[in-house]
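The listed protein sequences derive, respectively, from chains A and B. Read in order, the letters of the first sequence are residues 1 to 547 in my numbering. Read in order, the letters of the second sequence are residues 548 to 1000 in my numbering.
Hints were generated in silico from the structure; no laboratory data involved. Beta carbons: idealized from backbone N, C-alpha and C, even for Gly. Treat each hint with caution, since some may be false.
Computed footprint of chain B on chain A, listed as stretches where at least three residues anywhere in the stretch have a Cβ under 8 Å from a Cβ of chain B [claimed, not checked]:
1. 78-87
2. 157-163
3. 184-194
Each computed PhoX-like pair below joins lysine-lysine, with the alpha-carbon atoms no more than 20 Å apart [unchecked claim]:
4. Lys138(A) / Lys861(B)
5. Lys861(B) / Lys818(B)
6. Lys130(A) / Lys555(B)
7. Lys201(A) / Lys212(A)
8. Lys288(A) / Lys277(A)
9. Lys366(A) / Lys377(A)
10. Lys677(B) / Lys130(A)
11. Lys219(A) / Lys201(A)
12. Lys818(B) / Lys138(A)
13. Lys211(A) / Lys201(A)
14. Lys130(A) / Lys218(A)
15. Lys218(A) / Lys128(A)
16. Lys398(A) / Lys381(A)
17. Lys111(A) / Lys870(B)
18. Lys111(A) / Lys861(B)
19. Lys793(B) / Lys111(A)
20. Lys136(A) / Lys219(A)
21. Lys138(A) / Lys128(A)
22. Lys212(A) / Lys277(A)
23. Lys803(B) / Lys704(B)
24. Lys870(B) / Lys136(A)
25. Lys562(B) / Lys975(B)
26. Lys677(B) / Lys793(B)
27. Lys793(B) / Lys861(B)
28. Lys376(A) / Lys366(A)
29. Lys555(B) / Lys870(B)
30. Lys136(A) / Lys854(B)
So the derived label-pair ranges between C-beta atoms look like this [to be verified]:
31. Asn124(A) / Ile805(B): 33 to 41 Å
32. Gln310(A) / Lys870(B): 19 to 27 Å
33. Glu197(A) / Thr806(B): 23 to 31 Å
34. Ala208(A) / Leu761(B): 22 to 30 Å
35. Ile115(A) / Ile805(B): 24 to 32 Å
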Amino acid sequence: MGEWMTVTDPDLSSESKNICQYTSETKMSPSSLYSQQVLCSSIPLSKNVHSFFSAFCTEENIEQSISYLDQEQLETSRREMIGLQERDRQLQCKNRNLHQLLKNEKDEVQKLQNIIASRATQYNHDMKRKEREYNKLKERLHQLVMNKKDKKIAMEVLNYVGRADGKRGSWRTGKTEASFFLRNEDEMYKILLNDYEYRQKQILMENAELKKVLQQMKKEMISLLSPQKQKPRERADDSTGTVLSDAEEDAGELSRESLWDLSCETVREQLTNSIRKQWRILKSHVEKLDNQVSKVHLEGFNDEDVISRQDHEQETEKLELEIQQCKEMIKTQQQLLQQQLATACDDDTTSLLRDCYLLEEKERLKEEWSLFKEQKKNFEKERRSFTDAAIRLGLERKAFEEERASWLKQQFLNMTTFDHQNSENMKLFSAFSGSSDRDSLTVHSRPRQKKPHGVSNGSPVCTSKLTKSLPASPSTSDFCQTRSCASEHSSINVLNITPEEPKPNPVGREGTNQKWSMASRPGSQEGCYSGCSSTYRNSHVEKDDLP
Amino acid sequence: MNFSEVFKLSSLLCKFSPDGKYLASCVQYRLVIRDVNTLQILQLYTCLDQIQHIEWSADSLFILCAMYKRGLVQVWSLEQPEWHCRIDEGSAGLVASCWSPDGRHILNTTEFHLRITVWSLCTKSVSYIKYPKACQQGIAFTRDGRYMALAERRDCKDHVSIFVCSDWQLLRHFDTETQDLAGIEWAPNGCVLAVWDTCLEYKVLLYSLDGRLLSAYCAYEWSLGVKSVAWSPSSQFLAVGSYDGKVRILNHVTWKMITEFGHPATVNNPKTVVYKEAEKNPQLALGRLAFPAPRAAASPASNTESKFSLQTLKPIADRANPKIGVGALAFSPDNYFLATRSDSVPNAVWIWDIQKLRLFVVLEQLSPVRSFQWDPQQPRLAICTGGSKVYLWSPAGCLSVQVPGEGDFQVLSLCWHFSGDSMALLSKDHFCLCFLETEERVGTAFGRPGDHT
């Protein structure tokens, strides 16, 4: 329970028991995650906490803590309320919709009932009227039957007038009803036929006009589309073919039509089909232009990533969907979280457990932290040791170098005094570390062929070193010269050469180096040596006139 | 615009002769024939009883006066004033009387629609037609006067008989698929007969002259159906006004509906011009206003709002013949316009553009529109609302004119002279003539406004 220590706020304190009961009874809010609340909740279970609890709230801070707790609870209850309100609102909406539906249905029913009612009223009214008339009829009939001596209905006229058209009334001589009938029939049919013919004429005229208009439209559409066909467009290949073929067809059609000038079924169909085709082509063309325009519009703003309007819209739609989904996810997660917390708040033990888990985790973390620290320390130590070792190594090397130098000096001195039969004492220094400061050890292997061991041991190394070191510094070369000179002729002139002539970069010296390059002779000692000596000799010619 | 004197009138019986020379009016049992231009009394006839109906013969030579109560029809001749003719239906009674197109036969419908008696003025022959149908429009003559269509009812079924008017021969007889035939009307070209059913059933049937059924049209079921029907002058369209407040236009080629016109209480289309009559200072409305230059101060305020609501009348429920639906339809003589009135919006007259098949103008008056009539020669509509004003509309504009007079002249009805130059305005007890000045004609000089005899 280390965290208790970090958390204690000396200000918060109150009477232990009262608050204890109060807090343990109340519901736990989500903010019980905070240590202080956990502190409060775990009161009845652990003594330790009890003691700390007293630190949390004391008598003086009752109100403060109460208000603090109240705020948290208020918030939680507020949130709950909002959630419930939302649900309530949704349910109310549903309810309203259902009510509306019900109302609509009721209205419909009412309307139908009204219609039926009004029909019934009208029907009844008519029926009543009929009945009244019927009654009157009956009454009159009754009267007539009673009054047989009624005067005859008559027409009294001064004189008969002539017919309207001035003709005389025709005598019915031999003509039967049938002839009259036929004559009337003829008349009637004549009238009907006249009317039909007239109407047909009108319709034909209208058709002709419309056909003319259609053909004109077709021609204009073709002319509209044809200029574009000259440009090479892959997509329009099919349409070009059809347009051109249509144009040819149309020419034929026109001639045909002008000849016939009839509304033949096939001709009509051809015309309408070709118009439809043209229209489709025109429409697709216009759509293409539209798309291009939108692209150009976009291009004006953004040189890269030219997206067509449709793609753009699709993308935005997709993004919107994603946003919605994410929002929903967040909501559900929030809800779940709240639920969890809410459910957890109810149970003290679960919260305790969680706290324990948290403690466990914290301890684990601490352990790991300490581990890390240890490892860090170890690494530091190792590093230090490595650096020490490096330093030591450096010092040792230095010492070693000094030793070598001194030894070489000795050797020289010995060589000048003694014969080179004491060449045993000549050692081959192989402790080259590649540093250009040191004098590379000279190798005298030629006269030492008698001692294959020492030489052989060192010789491969020697040769390699020779290849390396000899060109490195003039001192070595001079040494070599002197040595070989001494070896061959047992006379050395060179004594003034200082052993140490630091040359920073062996690579940089090209003049003499070239002569020393040993690339020519692979592998064998002798070859190497001979190469060395030969080259040496060459170089040396200038200097000395040694034989 | 000139107004004539006010003359006495009874029962709204005032008719121009077909040739436009005479004006016949009734005062109780007297028939007064006047000259149209001078309005001088040319003839005066006395009938035996109060006249209920007068009708000019087609050649303007004769005029019939029907007295239903007495069952009498008296015919008078203009050429020969001393000539007389009396037809007595006797105990059969008289319900309706009309001329045949040749002007030499009179068709009397006896009481209870027992029969139609065809009386001839040329011969002594009498014809009887049995079982005529008792409906609002049972007899229809073709425009050329050759044929007559008659609605009949035999054995509880509706039939139509087509007669040749020249010799009264039956040409065709067929039954119709109507429940209760309400009316028949010939197309102006005389080749198609429109037959419609009672308002309980929406059904419009179209028959050819030779009796073939060309088409049947039914817009909807169950609700009240056809209220009014009108042919366009070219016979191209048949306008059917129904109780649902819509007019459906059928075309003569397919006999299918090409459009329907609704009559909602609010006018939404901003292109529609609405003329609303507004109360103005009465001093402004005086005669002598030139038409069609509508500089008239009394012109109604024109209102071109985007949304205009009209006054509606809620129909009384549970009553027969409810005041809803399109009750009046009339095409203009040039076939360009259709004037309609919806009974649930009684103050307004809708004018539709037939060329474009859309609403053109709405005229809203202050009181319910009683009747409207198109000028027989041009697209000019005259409207009366029972007030003392007469309203005129033409595509150029619209104006309202107050009928001058000492008292209130309540214009209950009006009718045009066939030339379109003048109009008779009828009130309950009087009538007067209204002369419309045209650009060619200088206003005729006669009675100043305000004079009475």
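Fill in: Violations among the numbered hints, reported as their numbers in ascending order
1, 4, 5, 6, 11, 12, 14, 15, 16, 20, 23, 24, 26, 29, 30 and 32
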